[in-house]
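2 protein chains.
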Amino acid sequence: MKAILFIIDGLGDRPNSNGNTPLKEADIPTLDRMAKESICGIMNAIDIGIRPGSDTAHLALLGYDPYKNYTGRGPFEAAGVGIEVRPGDIAFRCNFATLDEDLKIVDRRAGRIKNTEELERAIDGIEIDGVKIIFKQSGGYRAALVLRGEELSDKVSEGDPHKEGVEIPEIKPLEDSQEAKKTANVLNKLLKIVYDRLNNHPVNNERRKKGLPPANTILIRGAGKVPIIEPFYERYKLKGACIAGTGLIKGISKMVGLDFINVEGATGTPNTNYMGKAKAIVEGIKKYDFIMVNVKGADEASHDGDYNTKVRVIENVDKMMEYILDNINREEVYIVVTGDHSSPIEVKDHSADPIPIMIWGKGVRPDEVDKFDEFSTYKGGLCWIRGKYIMPILLDLLNRSKKYGA
Amino acid sequence: MKAILFIIDGLGDRPNSNGNTPLKEADIPTLDRMAKESICGIMNAIDIGIRPGSDTAHLALLGYDPYKNYTGRGPFEAAGVGIEVRPGDIAFRCNFATLDEDLKIVDRRAGRIKNTEELERAIDGIEIDGVKIIFKQSGGYRAALVLRGEELSDKVSEGDPHKEGVEIPEIKPLEDSQEAKKTANVLNKLLKIVYDRLNNHPVNNERRKKGLPPANTILIRGAGKVPIIEPFYERYKLKGACIAGTGLIKGISKMVGLDFINVEGATGTPNTNYMGKAKAIVEGIKKYDFIMVNVKGADEASHDGDYNTKVRVIENVDKMMEYILDNINREEVYIVVTGDHSSPIEVKDHSADPIPIMIWGKGVRPDEVDKFDEFSTYKGGLCWIRGKYIMPILLDLLNRSKKYGA
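Residue numbers (my numbering), protein chains in the order written: chain A, 1123 to 1528; chain B, 1123 to 1528.
No lab work stands behind these hints, which were simulated from the structure alone.
Among the hints, erroneous ones may be present.
Just so you know, same-sequence chains aren't split out, so a pair can sit in one copy or run between any two.
Mimicking BS3-like on lysine-lysine, the simulated pairs with C-alpha atoms at most 25 Å apart in a straight line are [to be verified]:
hint : residue 1 : residue 2
1    : 1484      : 1501
2    : 1441      : 1190
3    : 1408      : 1285
4    : 1277      : 1524
5    : 1331      : 1314
6    : 1254      : 1347
7    : 1493      : 1158
8    : 1510      : 1190
9    : 1525      : 1277
10   : 1524      : 1285
11   : 1190      : 1524
12   : 1190      : 1361
13   : 1158      : 1441
14   : 1524      : 1347
15   : 1525      : 1285
16   : 1510      : 1359
17   : 1525      : 1470
18   : 1470      : 1524
19   : 1361      : 1331
I would like the entire structure built from these sequences, with the hints used as guidance.
What follows is the structure, given as structure tokens:
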């Protein structure tokens, strides 16, 4: 027996003035049929009233307590862009940005510069006071930075004022420790070196000629010490993989030790390659015991306040699900369909409202719910659960859980 | 966006021989209409099977873990009668009582003496071994006592045998510490001084002449060290106030740092000034982000086993709610209606039965519940929740909760 954990990012919503939500209004015959055959409920990934990020929520859904395993966005972002992070590394998110001649920030995204591979090479590999700098861009103005060495700390302030027209603030230790002082010192030195190397870098001289802002500095934020996380296989004895279009989810899957299945055209946007993902799931579940899938588009649409696009993303997921059900061995696969958090269109951000969930597959106890939406699933047999219970329920259905007692 | 937490004290009940409860039988068209528009459920303030006091339950509903913040009734009672308690103070509840010539207790309430201001003045301000005695009556035979000084403890036995015909027991340290010994010693000395000052006090001589029992001692109980409680505003960044008729709830609101809105004629009994409170709520929510309201009468009626009065209190609450809904901006206020605990008429005391709850306001997901009672609300979208989740859910609806993660 195998399992697919299908996460529709930002799935849940609040009723609009007509009492509708994108999920309620979407035409989803396959998901509704599954609901009829499933045990349904509502879920909070972390806890009731907790408004999670996608990162902390996905950790929770995989059974990892985010309060123990989440050390900030940096490590997950760094793993997501492909840096082989190690426990103890200090990781950050970065933007390439533009400084004017007075060293004031004039563009926090360096004109949304597209190609930063050459600039990456000017930074990656620098050593400062015995600390190795690992730097990787992620296909544009975004990048990740890792410090590797002895006596480092993530207790340092941000090198990002989150606004333009000011200088980059000096990075300061946030605690009175040798490690924090050293880390702040290394980062401040790094910023000087980066400016020296980038300001007159051929890429930037070329940009100036074209009237584009140079990417002559980096803004550093999201500090986190790379945690020690028990690998997924060791914890569950399941060979697992992840299918996702966004770096952050890829980073989470790498951090917990899930293989990553690359899908051509999986973008993490509403225009992702839905059917490519569906095919990858069908192929993947032949090889793996467990696949976590993230479809990001619904959340993206929510952040944009775009109701109709959220409906369309959900309807595309329904078509994915039709394909999956038509092409898997239904006798040997469980499918959990849920979200990581609600993202109400009106809020344009994550909320703590619970998310519909259903568990489909052989032997689950179907309830009376026959519609997969926010107004039906709460009446189902799962009642209102937390994300941390999904993996134990699945392990039990897969007949892989250990009996406690005799 | 703002929120009203409306607590009908002792709301829940158990079915009588006709299968009815006061809430089920009450004619409450406004509350029922709200239920239709709300997300409903049942709730235990602290946990399933826990029979709470009003004090511990209200703390829990405000998001304060009573196991960490509740140190006994004394501190909350003392704050409620208007003593400006400080962390570290040792606080007690007291009764004025009557000793006969053999120093035996003959009336634990001193004939329910009404005016004790003069007797208060005979006790308040005494100093014993460097410990300051703060003493305040609360409009009758009840009073609060606070010890302020160094090296004090709440680990002392009660100076109240809870029966008549016996002497006041010597107060003893309950642990082998200097602090407990000193505190017991101070209290025993205080009892002697109190008797000396009160026994022939003009007020008591006057009472004897009228054939009334003198209030010539105090019975001390409910010891508690005043805790350090994180102020409500610091915790939630909400400007909050409380409307209540009883000293204990007032004490809780003072301890957590809610402003107290005084309402003429709010008595904490079934004959309180309902519409005065409703008007104070409507006015208050213009100034404050959050108002906690307590209507005590339903619990009072339950303690008296008075079914019909409980029905009447609930119907009066319904009229309050009609007024409130007619006079607030419905687009900007959330209303939570619930109780602090059940108080079944037959039990004449608090019980652990869960209490109906509904959350009303913009964007909540209505469920199919259309009647606010013990037999309908459990089918709602909130399922069975704990009191500690109310504030996180409200903060999320108010768009004030911090995102955990990215």
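Okay, the hints, checked on the actual structure:
1. Taking identical chains as interchangeable, the C-alpha atoms of residue 1484 and residue 1501 lie at most 25 Å apart whether they share a chain (21 Å) or sit on different chains (22 Å).
2. With identical chains, the CA atoms of residue 1441 and residue 1190 are never at most 25 Å apart, being 37 Å at best within one copy and 49 Å at best between copies.
3. Proximity of residue 1408 and residue 1285 under a CA criterion of 25 Å is satisfied in neither setting, with 49 Å inside one chain copy and 34 Å between copies.
4. Taking CA atoms no more than 25 Å apart as the test, residue 1277 paired with residue 1524 passes between copies only; the shortest distance there is 20 Å, against 39 Å inside one copy.
5. Within a single copy, residue 1331 and residue 1314 get their C-alpha atoms as close as 24 Å, which meets the 25 Å cut-off; across copies the closest is 92 Å, which misses it.
6. Taking identical chains as interchangeable, the C-alpha atoms of residue 1254 and residue 1347 lie at most 25 Å apart only when both belong to the same chain, with a minimum of 15 Å there against 51 Å between chains.
7. For the identical chains of this complex, residue 1493 and residue 1158 are neighbours both inside a copy (7 Å) and across copies (21 Å), given an alpha-carbon limit of 25 Å.
8. In this assembly of identical chains, the alpha carbons of residue 1510 and residue 1190 lie at most 25 Å apart whether taken from the same copy (13 Å) or from different copies (22 Å).
9. For the identical chains of this complex, residue 1525 and residue 1277 are inter-copy neighbours only, at 20 Å across copies versus 42 Å inside a copy, given an alpha-carbon limit of 25 Å.
10. Only between protomers do residue 1524 and residue 1285 lie at most 25 Å apart by alpha-carbon distance; the minimum there is 21 Å, versus 52 Å within a single protomer.
11. For the identical chains of this complex, residue 1190 and residue 1524 are neighbours both inside a copy (23 Å) and across copies (18 Å), given an alpha-carbon limit of 25 Å.
12. For the homomeric pair residue 1190 and residue 1361, the shortest alpha-carbon distance inside one copy (23 Å) is at most 25 Å, but the shortest distance between copies (32 Å) is not.
13. In this homomeric assembly, residue 1158 and residue 1441 come within 25 Å of each other (Cα to Cα) only inside a single copy, at 17 Å, whereas the closest approach across copies is 35 Å.
14. Taking CA atoms no more than 25 Å apart as the test, residue 1524 paired with residue 1347 passes between copies only; the shortest distance there is 22 Å, against 33 Å inside one copy.
15. In this homomeric assembly, residue 1525 and residue 1285 come within 25 Å of each other (Cα to Cα) only across copies, at 21 Å, whereas the closest approach inside a single copy is 55 Å.
16. Taking CA atoms no more than 25 Å apart as the test, residue 1510 paired with residue 1359 passes inside one copy only; the shortest distance there is 17 Å, against 30 Å between copies.
17. Within a single copy, residue 1525 and residue 1470 get their C-alpha atoms only as close as 44 Å, which misses the 25 Å cut-off; across copies the closest is 13 Å, which meets it.
18. In this assembly of identical chains, the alpha carbons of residue 1470 and residue 1524 lie at most 25 Å apart only when taken from different copies (14 Å versus 42 Å within one copy).
19. Taking the shortest alpha-carbon separations for residue 1361 and residue 1331, neither the intra-copy value of 52 Å nor the inter-copy value of 55 Å comes in at or below 25 Å.
Violated hints, in rising order: 2, 3, 19; the structure is consistent with all others.
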